[in-house]
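A.B. asks: As you go down the protein sequences, you meet chains Y and D in turn. Once you know that position 85 of the first sequence is 85 in the numbering used here, the rest is easy, because the numbers rise by one and skip nothing. Take any residue in the second sequence, count from 1 to its spot, add 263: that is its number in the numbering used here.
Treat each hint with caution, since some may be false.
Selected chain D positions facing chain Y (in silico; Cβ < 8 Å) [unchecked claim]:
hint	residue
1	301
2	439
3	446
4	452
5	456
6	465
7	538
Once the Cα atoms are required to be at most 25 Å apart in a straight line, the calculated SDA-like pairs of lysine to any residue come out as [claimed, not checked]:
hint	chain 1	residue 1	chain 2	residue 2
8	Y	128	D	466
9	Y	90	Y	35
10	Y	89	Y	106
11	Y	90	D	466
12	Y	128	D	540
So the derived label-pair ranges between C-beta atoms look like this [claimed, not checked]:
hint	chain 1	residue 1	chain 2	residue 2	range
13	Y	87	D	371	25 to 35 Å
14	Y	249	D	371	51 to 61 Å
15	Y	133	D	387	32 to 42 Å
Keep in mind the hints are simulated off the structure, nothing from the lab. Using N, Cα and C, we set each Cβ at its ideal position, and we do this for glycine too.
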Amino acid sequence: MRADNTHPPTATHGPVVHGDDMIVINNLYKLFGNVMAVCGFSMTVRRGEVVVVVGPSGSGKSTVLRCINHLEVPSEGDIYIDGIHLEDKKTDINAVRAEVGMVFQQFNLFGHLSVLDNITLAQRLIRKRNRPEAERIALEQLERVGIPEKANAFPRQLSGGQQQRVAIARSLAMNPKIMLFDEPTSALDPEMIKEVLDVMLDLARGGMTMVVVTHEMGFARSAADRVVFMDQGCVVETASPKVLFNEPKHERTKLFLSKIISH
Amino acid sequence: MTGDVQMMKDQEARFQWKGFPWWLVAIIGFLGLMLLLILTNEDYNRAFNFIRGGFGGIEKLGDGGWEAFIGAGITLTIYTTLVAFAIALLIGLLAGLGRVSQNILIRNVAVTYIEFIRGVPTLVLIFTVAYVIVPAAAGAIGISGQSISPAIRGISALAVIYGAFLAEVFRAGIESVPGGQMEAARSLGLNGGQAMRHVILPQAIRNVLPALGNDFIAMLKDSSLISVLAVRDITQQARLYAGSTFRFRESYLVLTFLYLTMTITLSLILRWYERRLRQDAR
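Construct the entire structure; sequences and hints are all you get.
C.D. replies: Right under this line is the structure:
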């Protein structure tokens, strides 16, 4: 299965997982047919940490993110979420997913449900909350993302920015331990990007463990504890935003940053 | 300015002229003429009353007053279509879900059923289901095959045939829901079945309602085929009347009139519903 023999996974047993390690990714490989999307990705995210993953399109950043809750199943490697080994056959993946919120580029709100029902569906099915309790929590989260007045609207009646904020509220209502963001502002009109980033920034400051794939370097600068730069399925460089943006070590990082920051 | 407005008005008027449903006028004209003949001409009136089953002699489905009012033949045609379609919806939903299942065995059973049905002419399937499959199934659960009425055999045949067509409709509906919906549901912790039931199917079914309506109309027409089982629906009544009186023109024109009245009514309701659906989507 291993296509890149020059970078074989080294650890055959899982790494030591500390109590504060929320996400441990060890030598992750993902193949789509003959295409190697991720080759040998390792990363540890500690509780309350905000990690921003940047890189050119096709560099494998979204694939890594989607592996973290097994929307993609890794070809090889191990992932631990709060100490739970995802590749273990006995692991209940649905239970893990309930603890890991995910926000998508295309929002993916349920079109046939109102905003309130979007936010209460999983609470009622998975968290077994009754309707009044689920609705109370939903309204709290809508308040938090700034659009409580849209509770009874339908997704198609909302702007992109509002839809994305509902999607964030939908995830938060499950009280997740980790939030994953897959290019959350890439499908938005420019004037709506800020309202979504503000919510994310607020979340980061509140101590949420977050992994964010984004092209918003401003967000990375102000919110990230670490920035991971990926290219061609591999990690090129990991550093604090200050170091990575101001004094990148690798040529590929410099090239990438010069292309996106020059304007 | 006024010239422009005038021109726009002209265009609008011309558009109305072009877009006017003349076909509907023609069809309503035909139906009106037939109605006039049935009401005023004794030969047509007699044919109509026989075909609709107004003279009795047809196996009773119930003793409701409306059956006597519209006739046992028409009742049988409508009843057959409604019951067979309801069963076909259930079969179609199950087979459609099987068709998109990850399970190889379930998926292949569903595809086998669908392709089998689609590969055999409807008329041939009606004979096969009514005279081979229904008696065999009855035997398997310990009932005498001969005790099953032709109407039930016919309904079974239509349900099995349309179940395969509706399975493909449901499959298309499920596939019309963007993949992101399933991913979002799964990422919230819903399992595959919960995501299908609460997120995918409600949207899929809404998307295929017009297609289901079309298949209902198609089934109403195909219900005429079960007359080959000697079920006394309006087609069988027309054949009986024509055979015994040699009034072929009256029999088959009245029969055409009855089917067209039902299908055009349904199709107009469907058009109205589709238009409302499009307006809602905006």
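A.B. asks: Could you run down the list of hints and mark each one as holding or not?
C.D. replies: Cross-check of the supplied hints:
{"no.": "1", "hint": "301", "in the structure": "46 Å, violated"}
{"no.": "2", "hint": "439", "in the structure": "12 Å, violated"}
{"no.": "3", "hint": "446", "in the structure": "6 Å, holds"}
{"no.": "4", "hint": "452", "in the structure": "3 Å, holds"}
{"no.": "5", "hint": "456", "in the structure": "11 Å, violated"}
{"no.": "6", "hint": "465", "in the structure": "5 Å, holds"}
{"no.": "7", "hint": "538", "in the structure": "18 Å, violated"}
{"no.": "8", "hint": "Y:128 / D:466", "in the structure": "24 Å, holds"}
{"no.": "9", "hint": "Y:90 / Y:35", "in the structure": "29 Å, violated"}
{"no.": "10", "hint": "Y:89 / Y:106", "in the structure": "31 Å, violated"}
{"no.": "11", "hint": "Y:90 / D:466", "in the structure": "33 Å, violated"}
{"no.": "12", "hint": "Y:128 / D:540", "in the structure": "34 Å, violated"}
{"no.": "13", "hint": "Y:87 / D:371: 25 to 35 Å", "in the structure": "29 Å, holds"}
{"no.": "14", "hint": "Y:249 / D:371: 51 to 61 Å", "in the structure": "55 Å, holds"}
{"no.": "15", "hint": "Y:133 / D:387: 32 to 42 Å", "in the structure": "58 Å, violated"}
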